[in-house]
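Peer 1: Heads up, the sequence shown is in this note's numbering, so the first residue is 1241 and it goes up one at a time.
Worth flagging that the hints you see were computed from the coordinates, not collected in a lab. Hints may be right or wrong, so weigh each one.
[To be verified] With a straight-line Cα cutoff of 20 Å, these simulated DMTMM-like cross-link-like pairs (lysine to aspartate or glutamate) come out:
| # | residue 1 | residue 2 |
| --- | --- | --- |
| 1 | K1373 | E1293 |
| 2 | K1320 | D1308 |
| 3 | K1348 | D1316 |
| 4 | K1373 | D1384 |
| 5 | K1243 | E1354 |
| 6 | K1348 | E1337 |
| 7 | K1389 | E1293 |
| 8 | K1373 | D1335 |
| 9 | K1319 | D1270 |
| 10 | K1300 | D1384 |
| 11 | K1283 | E1293 |
| 12 | K1399 | D1290 |
| 13 | K1319 | D1308 |
| 14 | K1395 | E1289 |
| 15 | K1320 | D1352 |
| 16 | K1283 | E1374 |
| 17 | K1402 | E1374 |
| 18 | K1389 | D1290 |
| 19 | K1300 | D1270 |
| 20 | K1300 | D1290 |
| 21 | K1282 | D1260 |
| 22 | K1243 | D1352 |
| 23 | K1395 | E1293 |
| 24 | K1389 | E1374 |
| 25 | K1300 | D1260 |
| 26 | K1300 | E1392 |
| 27 | K1282 | E1374 |
| 28 | K1373 | D1260 |
| 29 | K1402 | D1384 |
| 30 | K1373 | E1392 |
| 31 | K1319 | E1354 |
| 32 | K1320 | D1270 |
[To be verified] For each label pair, taking beta carbons as the anchor points, the in silico distance ranges come out as:
| # | residue 1 | residue 2 | range |
| --- | --- | --- | --- |
| 33 | I1371 | M1345 | 22 to 28 Å |
| 34 | A1281 | Q1341 | 41 to 47 Å |
| 35 | R1347 | K1389 | 33 to 39 Å |
Yeah, the Cβ is synthetic: ideal placement off N, Cα and C, and Gly gets one too.
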Amino acid sequence: MQKIAVYPGSFDPVTYGHIDIVQRGSRLFDTIIVAILNNPAKKSLFPVEDRLEMLRDSMKDIPNLSFDIFNGLLVDYAKKRGAQAILRGMRAVSDFEYEFQLALMNRKLNRDVETVFLMTGMRWFFTSSSIIKEAALFGGDISDMVPPKVNERVKARFKQLKQ
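Make a model of the complete structure from these sequences and hints.
Peer 2: Right, dumping it as structure tokens:
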């Protein structure tokens, strides 16, 4: 039986922290489905299709990945895709409480899907898409936190929004 995990997120934008988790997770699972939650109620910097394109481009060298967009409950999506695990990255103790609550709720909803946590590499400990967007908005250099093409798209997007 293939070991399949879903790595969910908004990826708005994708960061080197996300890529770190996927690279390391790819050694644990036969397939990782990198899945963007399409939440129309959440205001995103990039449309979901653009985020999917950036994910594919940023992770093209990792062989055992597929990419998707989903709506609804994550555990329902995981079951539909035949995944046995949800892969999550944790940066700090502050992530733990929220992630722990999500993992317990997911287990309550579907006992056949486990949550697997990987600690983010020390280099990416402080990064998040939100912090990166805020830094970029005010002209901060994010080039060492996101892939080059993502950096260019973030800069262009903020320039467009300021006009």
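Peer 1: Now tell me, hint by hint, if it's right for this structure.
Peer 2: Taking the hints in turn, this is what the structure says about them:
Note on K1373 and E1293: the hinted pairing holds, with a Cα-Cα distance of about 18 Å set against a maximum of 20 Å. Under the criterion of a C-alpha separation no larger than 20 Å, the hint pairing K1320 with D1308 is consistent with the structure, at around 12 Å. Our distance criterion of 20 Å between C-alpha atoms is met by K1348 and D1316, whose separation comes to about 12 Å. For a cut-off of 20 Å, the pair hint linking K1373 to D1384 stands: about 13 Å separates their Cα positions.
Taken as a hint, the K1243 and E1354 pair is honoured in the structure, with Cα atoms around 11 Å apart against an allowance of 20 Å. Proposed proximity of K1348 and E1337 is supported: the alpha carbons are some 17 Å apart, at most 20 Å. This hinted pair checks out: K1389 and E1293 have alpha carbons roughly 11 Å apart, not beyond 20 Å. Distance restraint check for K1373 and D1335: the Cα-Cα separation of roughly 19 Å lies within the 20 Å cut-off, and the hinted pair is therefore satisfied.
In summary, the hint linking K1319 to D1270 is supported, as the alpha carbons are separated by about 16 Å, within the 20 Å threshold. Among the hinted pairs, K1300 with D1384 is consistent with the structure: their alpha-carbon atoms are about 19 Å apart, no more than 20 Å. Distance restraint check for K1283 and E1293: the Cα-Cα separation of roughly 18 Å lies within the 20 Å cut-off, and the hinted pair is therefore satisfied. A distance of roughly 17 Å separates the Cα atoms of K1399 and D1290; the hinted pair therefore holds under the 20 Å criterion.
The hinted pair formed by K1319 and D1308 meets the criterion: a straight-line CA distance of about 14 Å does not exceed 20 Å. For the hint pairing K1395 with E1289, the CA-to-CA distance comes to about 18 Å; that is within 20 Å, so the pair holds. Distance restraint check for K1320 and D1352: the Cα-Cα separation of roughly 12 Å lies within the 20 Å cut-off, and the hinted pair is therefore satisfied. A threshold of 20 Å between alpha carbons decides the hint, and for K1283 with E1374 the separation of about 14 Å falls inside it, so the pair holds.
Note on K1402 and E1374: the hinted pairing holds, with a Cα-Cα distance of about 14 Å set against a maximum of 20 Å. About 12 Å separates the Cα atoms of K1389 and D1290, which keeps this hinted pair within 20 Å; it holds. Restraint check for K1300 and D1270: the C-alpha separation of about 16 Å stays at or below 20 Å, so the hint holds. For the suggested pair K1300 and D1290, the alpha carbons sit about 15 Å apart, so the restraint of at most 20 Å is met.
Annotation: proposed proximity of K1282 to D1260 is violated, straight-line Cα distance about 25 Å (limit 20 Å). For the suggested pair K1243 and D1352, the alpha carbons sit about 13 Å apart, so the restraint of at most 20 Å is met. Proposed proximity of K1395 and E1293 is supported: the alpha carbons are some 17 Å apart, at most 20 Å. Between K1389 and E1374 the CA atoms are separated by roughly 18 Å; this keeps the pair inside 20 Å, and the hint holds.
Between the alpha carbons of K1300 and D1260 the distance comes to roughly 13 Å, so the proposed pair stays at or under 20 Å and holds. Straight-line distance between C-alpha atoms of K1300 and E1392 comes to about 18 Å, which keeps the hinted pair within the 20 Å bound. A hinted pair counts as satisfied when its Cα atoms are at most 20 Å apart, and K1282 with E1374 qualifies at roughly 16 Å. At roughly 19 Å between alpha-carbon atoms, K1373 and D1260 fall within 20 Å of each other, so this suggested pair holds.
Of the supplied pair hints, the one linking K1402 and D1384 is violated, its CA atoms being roughly 23 Å apart against a limit of 20 Å. Among the hinted pairs, K1373 with E1392 is consistent with the structure: their alpha-carbon atoms are about 12 Å apart, no more than 20 Å. Taking the CA atoms of K1319 and E1354, the gap is near 11 Å; set against the 20 Å cutoff, the hint holds. For the hint linking K1320 to D1270, the alpha-carbon distance of about 17 Å falls within 20 Å, and the restraint holds.
Taking the beta carbon of each, I1371 and M1345 are about 26 Å apart, inside 22 to 28 Å as hinted. In this structure the supplied range 41 to 47 Å is violated for A1281 paired with Q1341, their Cβ-Cβ distance being about 20 Å. The given range of 33 to 39 Å is respected by R1347 and K1389, whose C-beta atoms sit roughly 37 Å from each other.
Going down the numbered hints, you'll see the structure goes against 21, 29, 34, while the others check out.
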